[in-house]
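Let the hints inform the model, and build the full structure from the sequences given.
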Amino acid sequence: MVPIWLAILPGLFFAALGAAIDRLGGLDLRGGWGQWPRWIACGVAASFAVYLHPALAVVLAGLLFVARRGMRGGSAPGGAGPSARLAPYIGVIAIALAGVAVLRPAVPLYWDAFVWLGKARIESNGLGALRAAALDANADVIPHGYPLLWPLAASWLSMFGKDAASLVAGAAAATLLAVLLFLDATAEAFQGGDPPPAGFEARPRWAFAGAMALLLVVPMFWVHLRSAYADLPVGLLAATCALRLGRCLERPDDSRRDVAVAVIAATILAGTKDEGIGHVAAIVVAAALLEPRAGQKEARRWLAVVGSAAVLFIGWRALLGAHHVVNTDHELSTPAVGALGGIGRVVLASATDTRTWGALWPLAGGAVAAVFAKGSSFRPATRLAALALVGQAALLAMALVFGPDRVRTFAFEGTLVNRLLLQLAPLAGALLALSLGDAASRRGAAPAISRSS
Amino acid sequence: MVGGANDVCGAPGTASLAVHAATLALGAALGIAFALSLAGHLRVSRRRVALCVLAAGLVAAPGAHALLVDRADAPLRVSATATAIANLLGELDSFTVRHHGCVAEIHDDCVACQPLFRFVLPQRTACATGDGRIDVAKGVFASTSSVRAQPCAIHGATLECDEPHL
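Protein sequence lines correspond, in order, to chains A and B.
Using our numbering, read the first sequence as starting at 1 and increasing by one per residue.
Using our numbering, read the second sequence as starting at 1001 and increasing by one per residue.
Note that these hints are calculated values from the structure, not bench results.
What you are looking at is a predicted structure, and each value in this text was computed from that prediction instead of being measured.
Hints should not be assumed to be uniformly reliable.
[Said to hold, decoys possible] Over the 10 angstroms line for every Cβ pair with chain B, so calculated as not near, a few chain A residues:
no.	residue
1	A137
2	A294
3	V326
[Said to hold, decoys possible] If you anchor each label on the Cβ, the simulated ranges turn out as follows:
no.	chain 1	residue 1	chain 2	residue 2	range
4	A	L9	B	R1043	48 to 58 angstroms
5	A	G344	B	R1043	32 to 42 angstroms
6	A	P88	B	S1016	38 to 48 angstroms
7	B	S1094	A	M1	22 to 32 angstroms
8	A	N138	B	L1054	50 to 60 angstroms
9	A	G321	B	R1043	55 to 65 angstroms
10	A	G199	B	A1022	35 to 45 angstroms
11	A	N138	B	D1131	17 to 27 angstroms
A virtual CB, placed ideally from N, CA and C, is assigned to each residue, including glycine.
Right under this line is the structure:
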């Protein structure tokens, strides 16, 4: 069994820090069961920014201050929160996922898990040890120049663990934190505006349960839930960011919490993997496309989200440059136009591998096609989820074209594409929930549908 | 080491081409039906969604079989796999600590073992006095059926881990 209890004390520390930032900044993170993952994530994001460089934390705080005018409203403090209606479903899902993540041997089983946790192990030499090692051009810390948040989260949440079991627990706690943020965001986006937009009733709860079941029968999901890889958390956080911005479209006068959580998710995404900022950029572009007549408040909202990711990304790259450390894995190259066909084939082969993905991608493809074909029949958050999903997929495909040869070699050998698809899978699952909810809650639909909400 | 954290097919293939074709066809049909339902051409109901979940479960069944039976991290096999990895990791770690982190890997054809070295020595630096060597042969994880508490043996300044010891 994974010693997950090691994460309790650091979790409480980060929650207290996040709660303090929430109170000082008026972020409206408080409310319902979701306040705990929101506070912990806020504490982790703030600590990471300070860890990298205090100046980055100052810039982030300034960005949040500027964005505050785009953050309106706020739920009553201490309220149950809009996701309370779905709490029984979320409770069952969270307990099942936590059980699988925790009830397993406390040993890393997968290749890359050792690499991530090896980096986490460096931090056990003392706070700041990983940063110092990663910025030492003479040290052989692979992968060179990668963002540090994921191994740091595993280290911090395991109380600077040194042995494999402790570090596995830290990574499991970090993964579960991302799962809870995703479930919270999905539930609140599913609930949407109250009252619902014209032409819709409240989305029925069974649509949420059905869509989550469709996501949970995906075999790949269970493999990564037990690993220490960062791809599933990146997907969960990207979906959280998109769902929060989607909810802003439906509740523009009560967007404070959504903007704050989107900023937190964007910050963590940029600190976890290089492609994190790409996800955030694609999501913000999708939001902007859906609000062509946006005013200053919306622009500030988007600036806060994409800006927070950019500050971390550019800040880290600047630190690497200042210390002459090169991130060779993700250096841009001349576009490999000749490889486009091969990339398309390997993506198609991976997405249609039913042993790995079940029916997820045909279903998600069907949902995207329906939303694009009949946009006005779907609520704004659903349209944003579909557009963001396509944008993120396009961006990851571009990364394969513009990345170094090494990236394409990994893709053609059949593993990288699945990891990239995993980064899209949570948002695909959320899209299934939102679109199914919309179809079942349209006014004028069959009585059997509307009655069950 | 479990191959295939990046795809469920990392497990030895047990599904035939016909099964793959059948699940793919069912998945495609499901996607089309789902799109038609969302677009309003088919009625959406709780029962139909339940059927959709059931069909999606059927499409994913070969993958679920791999997860639950075939893979080295399947419930009935994960304990032996974890023991094999933990034992080897423990041996490497102890040896490295005894040599103050100054060890060299002299046999690098065990691709599965490379990340273990990375975990044991996450920050490799030049060692002026390093005399320890680690020799891990290819195939050390080939069989987990005869897991030993000590998979390696020390010969002089070399830690030798190879298949016969497992």
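Taking the hints in turn, this is what the structure says about them:
The beta carbon of A137 (chain A) sits about 12 angstroms from the closest Cβ of chain B, which is more than 10 angstroms, so the claim that it is off the interface holds. The Cβ of A294 (chain A) sits about 27 angstroms from the closest Cβ of chain B, beyond the 10 angstroms cut-off, so the non-interface label holds. For V326 (chain A), the non-interface assignment is confirmed: its Cβ lies about 17 angstroms from the closest Cβ of chain B, beyond the 10 angstroms cut-off. Between L9 (chain A) and R1043 (chain B) the Cβ separation comes to about 52 angstroms, which falls inside the hinted range of 48 to 58 angstroms.
In this structure, G344 (chain A) and R1043 (chain B) meet the distance hint of 32 to 42 angstroms, their C-beta atoms being roughly 36 angstroms apart. Distance hint check for P88 (chain A) and S1016 (chain B): the Cβ-Cβ separation is about 41 angstroms, which falls inside the suggested range of 38 to 48 angstroms. Evaluation of the 22 to 32 angstroms hint for S1094 (chain B) and M1 (chain A) yields a pass: the beta carbon distance comes to about 24 angstroms. Range check, N138 (chain A) to L1054 (chain B): Cβ separation about 58 angstroms, and the 50 to 60 angstroms hint holds.
A hinted range of 55 to 65 angstroms for the beta carbons of G321 (chain A) and R1043 (chain B) is consistent with their spacing of about 58 angstroms. The beta-carbon spacing between G199 (chain A) and A1022 (chain B), approximately 40 angstroms, falls within the hinted interval of 35 to 45 angstroms. One distance hint, 17 to 27 angstroms for the beta-carbon pair N138 (chain A) and D1131 (chain B), holds here, with the actual separation near 22 angstroms.
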